[in-house]
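Participant: Okay, here's what each chain looks like letter by letter:
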Amino acid sequence: MNHIKLLFFATIRDRAGTKSLEMDIPANMTIQDLKDRLSTDYPNLKDSMKSVLITINREYAFDEAVVPANAEIGMFPPVSGG
Amino acid sequence: MESSNLPTIYSITESEIDLNELLAKITLVSTGAAAIFTGMVRGVTSRGDAHETEFLEYESYIPMAEAKMKQVADEIREKWPVIEGIAIVQRIGKLYPKTPTVLIACTAAHRDTGVFEAARYGIDRLKEIVPVWKKEVGPNGEEWVEGDYIPKPGE
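Going line by line, the protein sequences match chains A and B. The first sequence finishes on residue 83 if you use my numbering, and the numbering steps up by one all the way, no holes. The second sequence finishes on residue 165 if you use my numbering, and the numbering steps up by one all the way, no holes.
If you're looking for bench data, these hints aren't it; they were derived computationally from the structure. Be a bit skeptical, because a hint or two may be false.
As the list claims (entries may be wrong) - Heads up, simulated SDA-like pairs for lysine to any residue below, C-alpha to C-alpha not over 25 Å straight-line:
| # | chain 1 | residue 1 | chain 2 | residue 2 |
| --- | --- | --- | --- | --- |
| 1 | B | LYS80 | B | GLU152 |
| 2 | B | LYS89 | A | ARG59 |
| 3 | A | LYS20 | B | GLU138 |
| 4 | A | LYS20 | A | MET30 |
| 5 | B | LYS162 | A | ALA70 |
| 6 | A | LYS47 | A | GLY83 |
| 7 | A | LYS47 | B | ILE160 |
| 8 | A | LYS6 | A | LEU22 |
| 9 | A | LYS36 | A | GLY83 |
| 10 | B | LYS108 | B | ILE160 |
| 11 | B | LYS104 | A | ASN3 |
| 12 | B | LYS80 | B | VAL39 |
| 13 | A | LYS47 | B | VAL155 |
| 14 | B | LYS80 | A | MET50 |
| 15 | B | LYS145 | A | THR12 |
| 16 | B | LYS35 | B | GLU67 |
| 17 | A | LYS20 | B | LYS35 |
| 18 | B | LYS137 | A | MET50 |
| 19 | B | LYS145 | A | ILE5 |
| 20 | A | LYS20 | B | LYS89 |
| 21 | A | LYS47 | B | PRO163 |
| 22 | B | LYS137 | B | VAL39 |
| 23 | A | LYS6 | A | ASP42 |
| 24 | B | LYS89 | B | GLU24 |
| 25 | B | LYS137 | A | ILE5 |
| 26 | A | LYS20 | A | ASP34 |
| 27 | A | LYS20 | A | PRO79 |
| 28 | B | LYS80 | B | ASP59 |
| 29 | B | LYS80 | A | PRO78 |
| 30 | B | LYS108 | A | ALA66 |
| 31 | A | LYS51 | B | LYS80 |
| 32 | A | LYS47 | A | VAL67 |
| 33 | A | LYS6 | A | ARG16 |
| 34 | B | LYS162 | A | ASP42 |
Stated by the list, open to error - If you anchor each label on the Cβ, the simulated ranges turn out as follows:
| # | chain 1 | residue 1 | chain 2 | residue 2 | range |
| --- | --- | --- | --- | --- | --- |
| 35 | A | PRO44 | B | GLU152 | 40 to 50 Å |
| 36 | B | GLU26 | A | LYS20 | 37 to 47 Å |
| 37 | A | ASP37 | B | ARG52 | 38 to 48 Å |
| 38 | A | PRO44 | B | PRO91 | 50 to 60 Å |
| 39 | B | LEU16 | A | ARG38 | 37 to 47 Å |
| 40 | A | GLU60 | B | ASN30 | 47 to 57 Å |
We put the CB at the ideal spot given by N, CA and C, even for glycine.
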């Protein structure tokens, strides 16, 4: 198992009801697998998982990427700074 | 001059954006032009969905945002090697109408060097890849503003 930390921002944080979570995941888990697991474990996040942006260790990451051990995973909607 | 020696400022801050201080930091003895873009909270919007804004509340994934601002600065230098100094600053927190929220400034020896385009590119890229969000609060309640850009691998 790999230990990872999830950070939620903006709408995703509101729906999750928390800024961060820590969890243990299988070593070969992909971003898509992680989204599926969060949709199951946190029903409030299910709709958000369809359009969420994901980062691994502060770089944008995509569905097929494997989540490394001790990863810092960011989850948030498309950005709206400026 | 090697680009690693050129002044590059990138930060997320809760403090007031000080244009004069930033401009001084990115002005070299060879600088003759600066293009500055700053955005502020608009209290009254008439274009599109007309509405009023009481304040905006900004938040950021700060360490990633500062890394992405550095990336934007690197992209500017790659596209416009003549650029001398670059400042990219995003203010976060609760910000009221007329308050500057973001500043992108680029300096160069002359104004016809692409310095205007470089600053334009900087604000456009910031709005695409730098993780900052704003919640808009107005007379009819509050709503997160969401962008529409989906970053590609390598961005």
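Participant: Now tell me if each hint is right for this structure.
Facilitator: Results of checking the hints against the structure:
Under the criterion of a C-alpha separation no larger than 25 Å, the hint pairing LYS80/B with GLU152/B is inconsistent with the structure, at around 31 Å. As the CA atoms of LYS89/B and ARG59/A are separated by approximately 24 Å, the hinted pair is consistent with the 25 Å bound. Between LYS20/A and GLU138/B the alpha-carbon distance is near 23 Å, which keeps this suggested pair within the 25 Å criterion. About 22 Å separates the Cα atoms of LYS20/A and MET30/A, which keeps this hinted pair within 25 Å; it holds.
Proposed proximity of LYS162/B and ALA70/A is supported: the alpha carbons are some 23 Å apart, at most 25 Å. Using a Cα cut-off of 25 Å, the hinted pair LYS47/A and GLY83/A is violated, with the two alpha carbons roughly 29 Å apart. The suggested pairing of LYS47/A with ILE160/B holds, with an alpha-carbon distance near 19 Å, which does not exceed 25 Å. Taking the CA atoms of LYS6/A and LEU22/A, the gap is about 6 Å. The hint holds against a cut of 25 Å.
The suggested pairing of LYS36/A with GLY83/A is violated, with an alpha-carbon distance near 29 Å, which exceeds 25 Å. Restraint check for LYS108/B and ILE160/B: not satisfied, since their Cα atoms lie roughly 29 Å apart, outside the 25 Å limit. The suggested pairing of LYS104/B with ASN3/A is violated, with an alpha-carbon distance near 37 Å, which exceeds 25 Å. A hinted pair counts as satisfied when its Cα atoms are at most 25 Å apart, and LYS80/B with VAL39/B qualifies at roughly 23 Å.
For the hint pairing LYS47/A with VAL155/B, the CA-to-CA distance comes to about 20 Å; that is within 25 Å, so the pair holds. Straight-line distance between C-alpha atoms of LYS80/B and MET50/A comes to about 28 Å, which puts the hinted pair past the 25 Å bound. Between LYS145/B and THR12/A, the direct Cα distance comes to roughly 9 Å. Compliance with the 25 Å bound is thereby established for this hinted pair. Pair hint LYS35/B plus GLU67/B does not hold up; C-alpha atoms about 28 Å apart against a cutoff of 25 Å.
Restraint check for LYS20/A and LYS35/B: not satisfied, since their Cα atoms lie roughly 35 Å apart, outside the 25 Å limit. For the proposed pair LYS137/B and MET50/A, the alpha carbon gap of about 22 Å is at most 25 Å, so the pair holds. A threshold of 25 Å between alpha carbons decides the hint, and for LYS145/B with ILE5/A the separation of about 28 Å lies outside it, so the pair is violated. Distance restraint check for LYS20/A and LYS89/B: the Cα-Cα separation of roughly 37 Å exceeds the 25 Å cut-off, and the hinted pair is therefore not satisfied.
Simply put, LYS47/A and PRO163/B have alpha-carbon atoms about 24 Å apart, close enough for the 25 Å limit, and the pair holds. Our distance criterion of 25 Å between C-alpha atoms is broken by LYS137/B and VAL39/B, whose separation comes to about 31 Å. Restraint check for LYS6/A and ASP42/A: the C-alpha separation of about 16 Å stays at or below 25 Å, so the hint holds. Between the alpha carbons of LYS89/B and GLU24/B the distance comes to roughly 30 Å, so the proposed pair goes past 25 Å and is violated.
Annotation: proposed proximity of LYS137/B to ILE5/A is violated, straight-line Cα distance about 28 Å (limit 25 Å). Among the hinted pairs, LYS20/A with ASP34/A is consistent with the structure: their alpha-carbon atoms are about 21 Å apart, no more than 25 Å. The hinted pair formed by LYS20/A and PRO79/A meets the criterion: a straight-line CA distance of about 17 Å does not exceed 25 Å. A C-alpha spacing of about 34 Å is found between LYS80/B and ASP59/B, which places the hinted pair above 25 Å, so the restraint is violated.
Between LYS80/B and PRO78/A the CA atoms are separated by roughly 21 Å; this keeps the pair inside 25 Å, and the hint holds. Between LYS108/B and ALA66/A, the direct Cα distance comes to roughly 42 Å. Violation of the 25 Å bound is thereby established for this hinted pair. For the hint linking LYS51/A to LYS80/B, the alpha-carbon distance of about 29 Å lies beyond 25 Å, and the restraint is violated. Annotation: proposed proximity of LYS47/A to VAL67/A holds, straight-line Cα distance about 20 Å (limit 25 Å).
Between the alpha carbons of LYS6/A and ARG16/A the distance comes to roughly 17 Å, so the proposed pair stays at or under 25 Å and holds. As the CA atoms of LYS162/B and ASP42/A are separated by approximately 28 Å, the hinted pair breaks the 25 Å bound. Distance hint for PRO44/A and GLU152/B: a CB-CB separation of about 23 Å, inconsistent with the stated range 40 to 50 Å. Distance hint for GLU26/B and LYS20/A: a CB-CB separation of about 26 Å, inconsistent with the stated range 37 to 47 Å.
Taking the beta carbon of each, ASP37/A and ARG52/B are about 40 Å apart, inside 38 to 48 Å as hinted. Checked against the hint of 50 to 60 Å, the pair PRO44/A and PRO91/B passes, with Cβ atoms roughly 51 Å apart. Between LEU16/B and ARG38/A, the C-beta spacing of about 45 Å keeps the proposed range 37 to 47 Å intact. Remark: the range hint 47 to 57 Å for GLU60/A to ASN30/B is contradicted by a beta-carbon distance near 35 Å.
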